[in-house]
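Given these sequences and hints, build the entire structure.
Here the sequence shown is numbered in our numbering, starting from 506 and rising by one per residue.
Derived from the structure by calculation, the hints contain no laboratory data. Being a predicted model, the structure only gives us computed values, none of them experimental. Glycine included, C-beta positions come from ideal geometry on N, C-alpha and C. A hint or two may mislead.
Computed beta-carbon distance windows for the label pairs [stated by the list, open to error]: (1) TRP630 - HIS875: 50 to 56 Å; (2) ASN1075 - GLY995: 29 to 35 Å; (3) ASN846 - LYS771: 42 to 48 Å; (4) LYS1060 - SER645: 31 to 37 Å; (5) GLU1079 - SER516: 46 to 52 Å; (6) ASP884 - PHE947: 26 to 32 Å; (7) ASP526 - LYS1008: 51 to 57 Å.
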Amino acid sequence: MEFTGVYHKTSEQMSYPLDEDRLVINLKTGYDVKQVFIHHGDPFDAGILGGNEKWTGRREEVVYKKRLPHQLWWTTTLTPPYKRCKYYFELRTEEEVWYYFEDGFLTEEQINMEGRMLQCFTVPWMNPADVNRTPEWVNSTVWYQIFPDRFCNGTPEKKDADIVPWQTGKVTNKEKYGGDLEGIRRKLPYLQDLGITGIYLNPIMEAETNHKYDTTDYTKIDPSFGDDGTMRHLVSEAHDRGIRIMVDAVFNHCGRKFAPWLDVQKKGRESTYADWFMVQDWSGIRKMGDTRDGRFYSFAFADWMPKLNTNNEEVIRYFCQVCEGWIRKYDIDGIRFDVGNEVSHRFLKRMREHLKKIKPDIYLLGEIWHDASQWLTGDEYDSVMNYPLMSGIHDFFLDQTMGKEEFENMVNRCYTMYMQQNNNVLFNLLDSHDTERLMNRFHDLDKFYQQLAVLFTLPGSPCIYYGTEIAMEGGFDPDCRRCMPWDEIGSEENRERIGQMKKLIRLRKEEETFRSLHFHFPGNYENPRCVEYIKLDEEGQKTEILLNCSEVPVKVKGTGEVLFARNYQNGILEKNGTLIRRT
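Written out as structure tokens, the structure is:
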């Protein structure tokens, strides 16, 4: 047997309580393992631990598995009657049988050896306080990300000197176009008609730049966007329309004019706020002024944004109060943490405990672009932005040498990194204010909708970036932050594209299978770039997603009710075609 391919531990996403009653157990093996059984039971079935009686457990086959590039991921769900569990695995290849324990592998003769002390895997108690709980409403939410300055100007009568005329086409980070919260409020009917049930706002607190990631005052709405009353009005009306609101929190760094930072620049080490920042070079701290040349800025994030010390107790208390204020003043539903992997674990644990007492179902989302397991154990974030899925989807469509098995492996990897609770509320996206726009990548509407079909049918919570409903183009940051072309929204071409998006959103909201955690890749097609996967709900209903990513037509097998299709006719799925059907 390929022993190096076998792995399990009784922590994180390998063994965890799904709720107060169910225990999820996952195991990795090599492809040589053809069958897995788990022997499980209460640790005290044979008396007290260390007693004379032999513990055996109940034997059950583990039938569910996912294929990874070099391993199989086996999963089962147990219901321990006393909320505790002891177990080991029986692994069967075509020629061998091995038993896998916490301390290694044993043969059948060895486990039956008289007097042997077997080191089973043990879950001592499924403590309700340790269950990873995520807000249920997120899975059924379809998000719409808005970069406020470029979405809609709702107060055109305010002609500030630094506001330039609204335009289409390329932009930089220098211009301010006057988009504001009132503009977003006025477009709520449009978003509601599109089917949107959640808005993610890029930063709206007072800052110098148009992107507002250089916060000056965390307690004040930026005057160019509105004020407290404007924000309350926006959230209240959004809620009336069934739309939740998530705001951006920039706690890794601050702007140059954040009051505590100004005090540090003035007083140096003598400042009351000296330990609020991760200063590496105090020798030049008072010379900084407004310079952005990097000579005096030695911070992790950028050469001109001071990095906050989120280990500091005063900093933790301050930002807990800031977020509490956002909840109490505006009744927001979620907070997205910018640069979420550089904010300290200590900070995040305290923040979660504080905010969940105020609003238990608030959604705490981290911006992390890589495996975020250590942040998703139930005491920090509820979820993260699923950039691994975004990049995996993109790379498959870019690299024509990749086969459907590699697509399957990529998707399975993304959904075996975390617990099911987190997978259920992952923030899935295909582009954002930090990336090239989706349409810009291939300039191909058929590939564009193939990727959207994946986005809307995989577990988690899908998000579209403003303008994606009309296949808006834009290069890498800052060009991805173009103005929303409202004057062109009613064109025949855009109406057709909006109709396609509405259909996908409606299916996501109406079809339980679209939102379900359960999926598998049956492999019914020989074409190496014909991707097929099945989504299943708890009642066993099935939806098939078929993507022809090859250069040749594919004859579709079987029958079913077509829910969404492109380049499909008379049972033939053409090049870059999409078919979603109920089977």
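Verification of the hints:
1. TRP630 - HIS875: 50 to 56 Å: Once the Cβ atoms are compared, 32 Å apart, the range 50 to 56 Å for HIS875 and TRP630 is violated.
2. ASN1075 - GLY995: 29 to 35 Å: About 34 Å separates the Cβ atoms of ASN1075 and GLY995, which means 29 to 35 Å holds.
3. ASN846 - LYS771: 42 to 48 Å: violated (32 Å)
4. LYS1060 - SER645: 31 to 37 Å: With Cβ atoms ~35 Å apart, the hint holds.
5. GLU1079 - SER516: 46 to 52 Å: Holds: the Cβ-Cβ distance is about 48 Å, inside 46 to 52 Å.
6. ASP884 - PHE947: 26 to 32 Å: The hint (26 to 32 Å, Cβ to Cβ) is violated, given that ASP884 and PHE947 are roughly 40 Å apart.
7. ASP526 - LYS1008: 51 to 57 Å: Violated: the Cβ-Cβ distance is about 38 Å, outside 51 to 57 Å.
Hint check: violations occur at hints 1, 3, 6 and 7; the rest are consistent with the structure.
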